[in-house]
Amino acid sequence: MNTNNTKTTTIVYDDDSVRKFMIASIFWGLVGMGAGVLIATQLNYWQMNGKFLEWITFGWLKSEGVEFLTFGRLRPLHTNAAIFAFVGNMMFAGIYYSTQRLCRARMASDLLTKINLWGWQFIIVCAAITLPAGYTRGKEYAELIWPINILVAVIWLVFAANFFWTLAKRNEKSLYVGLWFYIATIVTITMLYVVNHLSIPTSFTHSYPIFGGVQDALVQWWYGHNAVAFFLTTPMLGIMYYFVPKAANRPVYSYRLSIIHFWSLVFIYIWAGPHHLLNTALPEWLQSLGMIFSLMLWAPSWAGMLNGLLTLRGAWDKLLTDPIIKFFAAAVTFYGMATFEGPLLSIKAVNALSHYTDWTVGHVHAGTLGWNGFLAAGMFYWLAPRLWNTKLYSTTLANAHFWLGMVGILLYVASMWVSGITQGLMLNATTEGGTVLQYPNFLDTLQAIRPVMLFRAIGGGLYLIGFFMLAYNIWKTARSGQAVNGTVEVATQTESDTDKRFSTFLSAPVIYSGLIIFSVCLSIFSNGALFIFGMFLTIVFIIVAIAHFEVSKASWNDWFEELLSHSFGFSVLTIIAAAIGGAIQIIPTVTVQRADNIEGRIQVPYTPLELAGRDIYVSEGCYNCHSQMIRTLVPDVMRYGNSGQGGGYSHLGESIYDFPYQWGSKRTGPDLAREGSHRSDDWHYWHMLNPRDISPGSNMPNYPWLFEKPIKVSQLPNKIHAMRMLGVPYPIDLSEEEIQAQVDEQAAGIVERLAEKGAFTEPDREIVALIAYLQKLGTYTETGDSAE
Amino acid sequence: MSTDDHKDSHLVKQEDLPEGVILRDHVVDGIQEYDQRLPFWWLCILFGVIAFSIVYWLVLDDRSFNGSAHQELEAQLQAVAAKRLANSIDVTNDDLFFEMAGTAQFVSAGENTFMTNCVACHGKELQGGIGFNLVDEEWVHGSKPSEIYNTIAHGVPEKGMQAWESQLGQKRIAEVVAFVLSKNPGLKP
Chain A
7 MNTNNTKTTT IVYDDDSVRK FMIASIFWGL VGMGAGVLIA TQLNYWQMNG KFLEWITFGW
67 LKSEGVEFLT FGRLRPLHTN AAIFAFVGNM MFAGIYYSTQ RLCRARMASD LLTKINLWGW
127 QFIIVCAAIT LPAGYTRGKE YAELIWPINI LVAVIWLVFA ANFFWTLAKR NEKSLYVGLW
187 FYIATIVTIT MLYVVNHLSI PTSFTHSYPI FGGVQDALVQ WWYGHNAVAF FLTTPMLGIM
247 YYFVPKAANR PVYSYRLSII HFWSLVFIYI WAGPHHLLNT ALPEWLQSLG MIFSLMLWAP
307 SWAGMLNGLL TLRGAWDKLL TDPIIKFFAA AVTFYGMATF EGPLLSIKAV NALSHYTDWT
367 VGHVHAGTLG WNGFLAAGMF YWLAPRLWNT KLYSTTLANA HFWLGMVGIL LYVASMWVSG
427 ITQGLMLNAT TEGGTVLQYP NFLDTLQAIR PVMLFRAIGG GLYLIGFFML AYNIWKTARS
487 GQAVNGTVEV ATQTESDTDK RFSTFLSAPV IYSGLIIFSV CLSIFSNGAL FIFGMFLTIV
547 FIIVAIAHFE VSKASWNDWF EELLSHSFGF SVLTIIAAAI GGAIQIIPTV TVQRADNIEG
607 RIQVPYTPLE LAGRDIYVSE GCYNCHSQMI RTLVPDVMRY GNSGQGGGYS HLGESIYDFP
667 YQWGSKRTGP DLAREGSHRS DDWHYWHMLN PRDISPGSNM PNYPWLFEKP IKVSQLPNKI
727 HAMRMLGVPY PIDLSEEEIQ AQVDEQAAGI VERLAEKGAF TEPDREIVAL IAYLQKLGTY
787 TETGDSAE
Chain B
5 MSTDDHKDSH LVKQEDLPEG VILRDHVVDG IQEYDQRLPF WWLCILFGVI AFSIVYWLVL
65 DDRSFNGSAH QELEAQLQAV AAKRLANSID VTNDDLFFEM AGTAQFVSAG ENTFMTNCVA
125 CHGKELQGGI GFNLVDEEWV HGSKPSEIYN TIAHGVPEKG MQAWESQLGQ KRIAEVVAFV
185 LSKNPGLKP
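Those protein sequence lines, which keep their order, are chains A and B. Quick note on numbering: the first sequence equals residues 7 to 794 in the working numbering. Quick note on numbering: the second sequence equals residues 5 to 193 in the working numbering.
Hints are computed from structural coordinates only; laboratory data are not their basis. Each hint should be verified, as a subset may be incorrect.
To be verified - If you only want the chain B side, here are some residues facing chain A, beta carbon under 8 Å, derived:
| id | residue |
| --- | --- |
| 1 | Gln40 |
| 2 | Phe44 |
| 3 | Ile134 |
What the hints assert, rightly or not - Each computed DSSO-like pair below joins lysine-lysine, with the alpha-carbon atoms no more than 27 Å apart:
| id | chain 1 | residue 1 | chain 2 | residue 2 |
| --- | --- | --- | --- | --- |
| 4 | A | Lys324 | B | Lys17 |
| 5 | B | Lys148 | A | Lys252 |
| 6 | A | Lys179 | B | Lys17 |
| 7 | A | Lys763 | B | Lys17 |
Source: prediction; values computed, not measured. C-beta atoms are modelled at their ideal positions from N, C-alpha and C, and glycine is treated no differently.
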């Protein structure tokens, strides 16, 4: 092709949206981190749940606690703001900036870009209002209520359309590795988000997820873990692959490492979700898959770290002077640290100690503060002078930000290690020859970690101050320059993207991958001869594939080069690679682990009043601090397994009618799986009014508003109808009047028992429903054995 | 005004590179890529972990699909129960409790346990609250030491008294009984 005489046109990039996304990210980042620091202090000082308003207004605002400020409601706000608002906007900024340049094309549609930008901010505002108000779906990182879910899905698809349209219009034949990661992010997040948000609405602000109990647990962590993978990791890697070589002015270390890194990460990450459910009632085969796939993630993750760090090789001298390189080097190092710690925590024996403790919290923050936060900071410092055509306002301030943030992260992570391991060891410690718990009172373990938790709040505070310095620095930079949009000259001829679309799928590497995955599945799901046959096939296919690869390396290489010029084929293969793990784990669980299939213990469905109480429990975010899962570990059974009814560890049938499941992920307070009929109604009454009256030293907030707000009985018929659709055996002809009568009768009984002990309340108050729910926890019937 | 002029001057050239280092000829927005060999130690981690995972999966005897059989845990719990049984105290022996109540060591140990676990409902002075008064000579669930022991160990769920046996163990409960007896001089053998 003769290109000498082709005319060129000038393309102006849409950098205006990049600037706006960046400013939004910094703003929401400060909000999200501020919320994080506030809730961190609440763990040490319960007064930070609202009582502090009384002090700072010198008694003008009387408050025993503000419902909008409790840990249970603000923690979801913190996580959603940090993930979707801070990192989300930063990701859009990075993707919009780099995709245009890697495609040498302006974003395909300015309108879609605008909808993406302002729609996303609107979603964040909605979230910031609904979450503190107690409107939640009760699933971690998926708390937003269903109307907002639909909005998120729409805006995400707008972003996807804009992105893929831009790819289609690109003036660069081959897809650069950064774009691979963006593609993986977009297709996988779409899949995860949709499946985990499938719900049956009962009102405009409330819905039940269609999965319950063990199924919901599995789907939730398939989503939850991969929100980390495909929202906090893959887009960041794409950004790393663009901005690190740019900032260092060095070539990327290894292209073949990129290929292995990308495909192994996309394929393996999806399987690792069950490592959040180790030693629980989740079936063993899933736990084992979750553990080994987490271990297998170690090398692919480190490949990303290597490609980042080794790209900086030759630019190390800049580390002393250039804050951007400092931030990038530290971010990639924290990525390496977190992805080593992750597999470690996924080992069942380690997890027995670490799970439900601060260790997990520390692990997450090594990733978010270290990897995401520092990568964002490096990117912003690199972008700002270019977007406003000026110099960075103050390199000294940026360096100060780096060191302050670094000290903050290290304080945070180290104190969480100490706190998590201390509490884990104390909770699991036994005495008298291993026959009784050494610290039977949960509060003893809380007192032990209070001083270390304070250091976490200090570390987080330092990190927040660092980000204020960034905000100031970027603001001054913007003020000193003038907004400019990047341009590029491109030849006007375009190349066709349509050839050989389908030959992609009939190539040797794809066929071998398919055959190997099929034969591995054969041995996962079968026993005896078929199991051995599956193993045999796997080995044969692997050997043949390796042999074939050795013989025809060049043609495989050509195939991949060819694939890189077909964004459609590449995206389809990415979807397939990312979908396999989830499909293999979720489809059998959803079809087999149903209430009518389960033998042994089956949960007794909630009465209408208990259901109302459960929705209050979910809405207050109690699951943020209390688990409902007695793990298959001796200390767990000793501490929580006691009950009038059989007891022991939690069986999966015991929560099969829980929509959403409430197994929890952190025990700031004790497990509540068997809380029912453990204590008297008035114990709960006084405890909710002021936990410290009953449990000296507790850090739980006071819940005075539960004693004032009425139960929303009018919603119950809809809720029970939805429950029945989901398979909970409520009588089919339950009328509204009957529901009301049942509620009244049960509430009157509770109020009467409370009054006998001098605890007075009205039967229509939320506290009554909540007590009814708490007293029901752990109630089940036996099937199977008794039916014989 | 263009902010994206990347001069070609910073680009690395293949002929300047040492032998064996491959530089891909494709440049995107000024970004180049080497095609370095995969580090050997990294390949060791990759294949080592995959090999370990396969072995772990194959030798793992429990790959069960139903999620309710936990023989290993049941065995551990049985061992704990057996050990408890072997070290058990004769909790029906009232005289034993009175003897313990006369021994300062047991009483103060019992007081410690009481003050962390029981005080919330029964009060610092044992005057009661959510739970019964323990010094008013009225014993709804029996006043014999063995009956008091039984009440603490197995609880009275319908009255809101929880069962403490699995959490505290026999010895600590017996010490609490001794402490309660020491506060109730009226209770005599």
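Checked hints:
1. Gln40: This hint holds: glutamine 40 (chain B) lies near chain A, its Cβ roughly 4 Å from the closest one there, short of 8 Å.
2. Phe44: Phenylalanine 44 (chain B) check fails; min Cβ-Cβ to chain A is 12 Å, beyond 8 Å.
3. Ile134: holds, 5 Å
4. A:Lys324 - B:Lys17: holds, 21 Å
5. B:Lys148 - A:Lys252: violated, 82 Å
6. A:Lys179 - B:Lys17: holds, 22 Å
7. A:Lys763 - B:Lys17: Given pair lysine 763 (chain A), lysine 17 (chain B) is violated - Cα atoms ~86 Å apart, limit 27 Å.
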